[in-house]
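Add chains D, H and E to chain U, keeping to what the hints say.
4 protein chains.
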Amino acid sequence: MFWDHDDDKPREECGVIGVYGHPEASLLTALGLHALQHRGQEACGIATFDGEKFHNERHMGLVGENFGGDLHARLPGHSAIGHNRYSTQGKPALRNIQPIFADLASSGFAVAHNGNITNARALRRDLIEKGAIFQSTMDTEVVLQLVARSPKPLMRDRFQEALTYIEGGYALVGLTNKKLIGARDPIGLRPLVLGKIGEGWVLASETCALDIIGAEFVREIENGEVVIISKDGVESYFPFPRRPEAPCLFEYVYFARPDSVVQGRSVYEVRRRMGNQLARENPADVDVIVPVPDSGVPAAIGFSEASGVPFQLGIIRSHYVGRTFIQPTQSGRQTSISRKHSPNKAVLEGKRVLLVDDSIVRGNTSKRIVKMVRDAGAREVHLRSASPPIVHPDFYGIDMAAQSELIAANHSLEEMRDFLGVESLGFLSVPGLYAAIGVERNVEMPQFSDHCFTGCYPTRLVDHMRDESSKERQLSLLD
Amino acid sequence: MFWDHDDDKPREECGVIGVYGHPEASLLTALGLHALQHRGQEACGIATFDGEKFHNERHMGLVGENFGGDLHARLPGHSAIGHNRYSTQGKPALRNIQPIFADLASSGFAVAHNGNITNARALRRDLIEKGAIFQSTMDTEVVLQLVARSPKPLMRDRFQEALTYIEGGYALVGLTNKKLIGARDPIGLRPLVLGKIGEGWVLASETCALDIIGAEFVREIENGEVVIISKDGVESYFPFPRRPEAPCLFEYVYFARPDSVVQGRSVYEVRRRMGNQLARENPADVDVIVPVPDSGVPAAIGFSEASGVPFQLGIIRSHYVGRTFIQPTQSGRQTSISRKHSPNKAVLEGKRVLLVDDSIVRGNTSKRIVKMVRDAGAREVHLRSASPPIVHPDFYGIDMAAQSELIAANHSLEEMRDFLGVESLGFLSVPGLYAAIGVERNVEMPQFSDHCFTGCYPTRLVDHMRDESSKERQLSLLD
Amino acid sequence: MFWDHDDDKPREECGVIGVYGHPEASLLTALGLHALQHRGQEACGIATFDGEKFHNERHMGLVGENFGGDLHARLPGHSAIGHNRYSTQGKPALRNIQPIFADLASSGFAVAHNGNITNARALRRDLIEKGAIFQSTMDTEVVLQLVARSPKPLMRDRFQEALTYIEGGYALVGLTNKKLIGARDPIGLRPLVLGKIGEGWVLASETCALDIIGAEFVREIENGEVVIISKDGVESYFPFPRRPEAPCLFEYVYFARPDSVVQGRSVYEVRRRMGNQLARENPADVDVIVPVPDSGVPAAIGFSEASGVPFQLGIIRSHYVGRTFIQPTQSGRQTSISRKHSPNKAVLEGKRVLLVDDSIVRGNTSKRIVKMVRDAGAREVHLRSASPPIVHPDFYGIDMAAQSELIAANHSLEEMRDFLGVESLGFLSVPGLYAAIGVERNVEMPQFSDHCFTGCYPTRLVDHMRDESSKERQLSLLD
Amino acid sequence: MFWDHDDDKPREECGVIGVYGHPEASLLTALGLHALQHRGQEACGIATFDGEKFHNERHMGLVGENFGGDLHARLPGHSAIGHNRYSTQGKPALRNIQPIFADLASSGFAVAHNGNITNARALRRDLIEKGAIFQSTMDTEVVLQLVARSPKPLMRDRFQEALTYIEGGYALVGLTNKKLIGARDPIGLRPLVLGKIGEGWVLASETCALDIIGAEFVREIENGEVVIISKDGVESYFPFPRRPEAPCLFEYVYFARPDSVVQGRSVYEVRRRMGNQLARENPADVDVIVPVPDSGVPAAIGFSEASGVPFQLGIIRSHYVGRTFIQPTQSGRQTSISRKHSPNKAVLEGKRVLLVDDSIVRGNTSKRIVKMVRDAGAREVHLRSASPPIVHPDFYGIDMAAQSELIAANHSLEEMRDFLGVESLGFLSVPGLYAAIGVERNVEMPQFSDHCFTGCYPTRLVDHMRDESSKERQLSLLD
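Chains as they are written, first to last, in the UniProt record's numbering: chain U, 1 to 479; chain D, 1 to 479; chain H, 1 to 479; chain E, 1 to 479.
Next comes chain U alone, as it looks inside the complex (with noise of 0.2 Å):
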């Protein structure tokens, strides 16, 4: 079972990987990519440092088109970075692609990141009053720039100073001629763990890239945490007020891989339990539990275990649906057929199906695979999400639809059903979805970030709040 993200579902922007101290660098941050590519598929990149020089290699395209071959002599060293890219908008410029690098004056710096950077637009407005050149676009080159500026003599302090301008969520790693940097945002935002490999360490996005590269897990970078690796060993620095962590519950339900560990529980396993919660909420009479796969198999699996209706594979999934393929200029009986999943009639046929999918955030997929199923000869067609209604958007790094688009924003369950087309419609509760997790949810200070279910963002906006507040002006200008 393979595991990749569909087209209309919520988005992270990124995975990163850092390797220090083992003579495969560079081959175990392309591995450890790999692993990592279903969080950035667009672009990635790999930068080493090899003693004497930095390397640095960014390629539009999948980790293992571009990083197979000798890998090590491209990209030598002992110490790697890298980065996938998940691009929000439209063909992203090489110079838009991470690691991101400079010479400063102490040494080489290279940087990656994944998250977003909430009040980035006015640093930048900011440094490039003071005369900064940026060579990209991307909110990284914020960290890059104002750790080029800092003061303070040693890099390790001119990395805490520049975080403690920056507002958002980020998981960071950061490479120099001695160290491996790792961060994470003060509440935990964006995940990041540390791996030991021999004598050398790995810092990733998930579990997933331990494994594929043998590494042992150690621990969670803690929220707020800065890791300093060296040939000392691994250095911890908190450099801001502690708070507790609310880590993204987007993690669980979409973005980890199954076989990832995040926050000490299985993504499998979460999933599964919330196909089995989701089964307890939004019972139904029906004859066979479909996945809309990939991702909602684990909570269709659940959901067949709670419910005892058999599990089978009603939609068959294509993998070869590339970045360029044939776009829908043609008639209209043309756009209603998906490219990506095709009925199995077999299975479907005179059937009471109950569809399981993780999320559902615009509704058009959704609909469109239910007109499927149902042209495939269902006698009836249920819908279970197995996520709370998504009614608000992320500002933290998922590239989601803005809140207009959310149907469930925009909607009541009934009309949600009715635009959908099932005989039933049922979402996971918040609660249960923090069940499914084991955990009862904190109403003053909940454990995870969860806005996107319920509005409680768990920082302040200043980006945002400034285009919502020019966007005002603008309109009282128009007066």
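In case anyone wonders, no lab produced these hints; they're calculated from the structure. It should be emphasised that the depicted structure is a prediction, and the values quoted were computed from it without experimental measurement. Mixed in with the good hints, there may be bad ones.
The list cannot tell twin chains apart, which means a pair is met if one copy fits it or any two copies do.
As the list claims (entries may be wrong) - With a straight-line cut-off of 25 Å between C-alpha atoms, the simulated SDA-like cross-links for lysine to any residue are:
{"#": "1", "residue 1": "Lys371", "residue 2": "Glu216"}
{"#": "2", "residue 1": "Lys178", "residue 2": "Arg243"}
{"#": "3", "residue 1": "Lys53", "residue 2": "Pro23"}
{"#": "4", "residue 1": "Lys130", "residue 2": "Ala105"}
{"#": "5", "residue 1": "Lys130", "residue 2": "Ser150"}
{"#": "6", "residue 1": "Lys53", "residue 2": "Asp232"}
{"#": "7", "residue 1": "Lys371", "residue 2": "Gly198"}
{"#": "8", "residue 1": "Lys178", "residue 2": "Asp126"}
Positioned in the frame of chain U, the structure of chains D, H and E alone reads:
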């Protein structure tokens, strides 16, 4: 759930499709090839006729990478044929990609085929003696040359005459300036189905190609049948002496997509029943049934149904493995890392695990997966193959190991169990396989070509016998 | 002084070379093709035989761009043939680049040619009727097909038999597993010379290709001669009835490189003497002699010698004009800008300028250059053509304008002078051209093919006549 | 006659052009770069501003290969700057191609330059200390960074402030959202001219770039002048203390195209007079004057005029030598083959030949050519250099040999004559060179930078002196 084929598995060369009488013939052909991509991922090609001229594009790589954009402008016309190739040796030259085309006296003629002509080398030698110049090294070109040289005036007759020279298993599609031609070998080893879309017609290797373009399934082309599709409709010819059909069993075991219907049976259902039967023939006292993804999934679901043991995703499959991914040039440790399959520890740890795979060929991949599962903490690992032991090679278009490499051809069950490192090993029986299909095997004249399991080859093998005899001659010369 | 050909000038398709018996055959072939690059810049190819296998590489673009690096590793072998192509229509497909190759019954056979087979289309039609499949649309392939079909057992005889079918002007090189073959048409329209390098042999279109590799000039291949070069040396055959040679005059006028020796005469010296003669036939009272670079330079030097008027570089030529340079899509003003020729005002301003060009075909380039020179301040502009008026088209491999486009075929001298915008215009006479070569024209049987100037075509023109007669038939059908 | 530069000759890095206020700014820029192609063939770039956004394209290779097609659609706008690069080390990265661009606080700013900033490394080190991040390794970026950091509010003032920090020889063009900027170093080492086209303005390295686009020459930018071109016309500033100009003599000797006008003098005429003077200073009793093409042609014509000895093309130059042509990896014999120059035996054989070249740097190419001419049968070979002996290296943008490689810096005339293998050798004298230009050399303060011939460097050399002193330090450390 996506569908892909594994490197260690028997593979068929090629999927074919033909479209007649549709204003978007090349687009339908591309979509159909996309649905047939599991039959060949190395190269693809499309030829069309636009009323005046033939157009032919052939590329290395996937359909979706090559046939996007404004396809109709590049490949105009109301009729088209297409081909997916699985290359068996190295990097194929462009000239060895199908369809192949030639200007014949009466018309241009494009042709593509799936299968293997077992006397192609002998025919080629004869044709060269007579002054023929070959533009490729493909056996398909023999058909083209035979058609070119036929003294008959009508293309219909030339084509049928050509077929009388060739032996082996094949499904052919051909395109002239007036007609779409389809043909299936005398015993129907390779599949070909007929569909209808609007006023137009479609020929394809599998029904899933009809489904993706919204074409209606009409019927299978019969064994030994030639169909000539023109503005006058579908004419049918039987140039060979009639004999019973014997389609290749591997379509059910491995080749066909689970949502295809082969010989009137759902492939998914047959595979699920193979799992049922396998559970009855080879039960085991275990905690969890885990499929080897993707091809083992339907049988594993069937095994779970019949045994009552839960089905879980204990192995996660990455699909981002490109053709050029990282080569294992490094230390021994790396080579044991499976980059395609990852263990899902939460499912496997401490469990008695039963793995279900569709077949076991050389055994190397199975051995690696078993080790991976055990390393992930499984207490016991049992392995079941949803097909019988493969003990004989194929010569009809399946690119399988030589007999000396087939694990079951050279080892006892106990030796295999030992080699694979499992607590127990079981194969579906030949009668059990027929039972899952729903027929009882006719020992005198089996209803399917099952030579890989039984050694009963349904045709003579000219090229193969010459090779063998020339080997003997060479040996005797050494004396 | 470099040597290049102009867009508005008659052009020959192709230079050829063959090397036999040299350990660096492909390198010598590439260097020779480089020296012959002025004969064809669109595409190039090299085929070699390494004692076991044939190798063939064909590319769009220049020799230096395609055949660098470790050529011997890519194209091993002690014998090779090569080809430069000047494409006459659009972007040629790779399959239309030479050498072309086929596996024949007795041996592989690669062939390349310069010239034009005037009955190729008729032969092609006949061969297709007989079942031949063509891999290209080149007339060269007719030779290959005829050789393939010859019933004779020896390649030597098959090749000579094939030649008896073809008509036109050609210089052919062929490569088998044992031999290098060269052939020149019955009247020797296209050139071919024989050279020796160490123990090996070389065939080439011009002596400049021998010079660059340090080969010694042996002799010209005679008209109607076939040479078979093998380990036994050079054998010579004359398969046609012997007749006097009549090489194409354009080698002297335009095609050959000035440092080549054609028919025993230095091309540079002939051109310089053409300039001498031109000055005697068409003097003018001017201040400076300015060549139209590059092909007008030797004649301009000769004109200066004979007239005593100083030679100066009044026009500078840029050679950095690639195949895809800026298209003149803009305002009218831009189109009159010559991007290839620039005026050197210091030489032209206030002067009476006499321009010397090698020939005038359509007249458009000349007109543009005259205007440019006048705009740069020339007080008077006189134009002299170092060859006679071109009044008839060529059919032997020169890609020249159709008769309707030839300025001299449709206008009087005064009309041309007026169109070109010059104070005076003069052409070398036909007797003057022969005088510069050093022979007196034999009116009964001219020593050179001078049909472009005189209309005396030295062969019949099968394809052309069929075209003309089919045009007539079409016309009569319209009545 | 085309114009190209030889590998063994001193080379300047770069040609620049800027266009303001023309609807086809990018097309004019591309045509101008094409005319300046002799100043840099490795890479080229164009930046435009379309009223809203900046566009920037930079490519490896020739202008004609990269900037064809519908250029205005790709690079829209009424103002543009462009750059040709001659790379001095290996394969330059894309980021090291100009123009370079940055978003500054007030506006975007693109800049390109010709020449060399002799304190660039020192400035770069200082800027990095202050937190600047460089996107390239080019000295040009120092200007960009200095402008970015200037505290002045107006771009005009920021730019002039930046110039006060830099030393060396340069001609700069810059583009903002409102203005086109041009600047020439305090002594005018590198050239820059101003032209007018319709309502628009053009800046370019040479007048030949004005000619190709039909722009009218207005004047040279003065030494130490900054021009700001905007809708208000051309403003002129002189930010440096005024001092006499001292343009680089090599523009006359080698760099500029012969049809350009430099400092009011036709380059062709100056070169021809250099040939006249050379004949007077170094006569010889010979039969023929032969230029080393292309750069030796005007002086050879001048030598012929003054000596009365005929001028003939004794060496033919091929221009089809691509960047990747055949490497001489083979036997010794091959390496002596000149692939660029071919002897024209008809001119050379049995003759006393006098070769005229523009200059002699290392002497290797000259030696090879002399040998080639002698091998072609010349009875005597005499060599004349139309410039004085080069005895000192350049630091202002000419990529010339180190002093240890300069033949004239390390050998007597007799030693050189012996090394080159000629009957006689002669150089133009320094006073003779000035005479050809038409001025008498002012010994106190030469009117031209002639340091290569005289050792009189017109500026201090910060980076170079640091290198030298650090070398000394290293040496002393070894004691």
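Outcome of the hint check:
{"no.": "1", "hint": "Lys371 - Glu216", "verdict": "between (46 Å within a copy, 17 Å between copies)"}
{"no.": "2", "hint": "Lys178 - Arg243", "verdict": "neither (30 Å within a copy, 50 Å between copies)"}
{"no.": "3", "hint": "Lys53 - Pro23", "verdict": "within (15 Å within a copy, 42 Å between copies)"}
{"no.": "4", "hint": "Lys130 - Ala105", "verdict": "both (18 Å within a copy, 8 Å between copies)"}
{"no.": "5", "hint": "Lys130 - Ser150", "verdict": "both (13 Å within a copy, 9 Å between copies)"}
{"no.": "6", "hint": "Lys53 - Asp232", "verdict": "within (21 Å within a copy, 49 Å between copies)"}
{"no.": "7", "hint": "Lys371 - Gly198", "verdict": "between (53 Å within a copy, 21 Å between copies)"}
{"no.": "8", "hint": "Lys178 - Asp126", "verdict": "between (30 Å within a copy, 23 Å between copies)"}
Comparing the model with each numbered hint stated earlier shows that hint 2 is the single one that does not hold.
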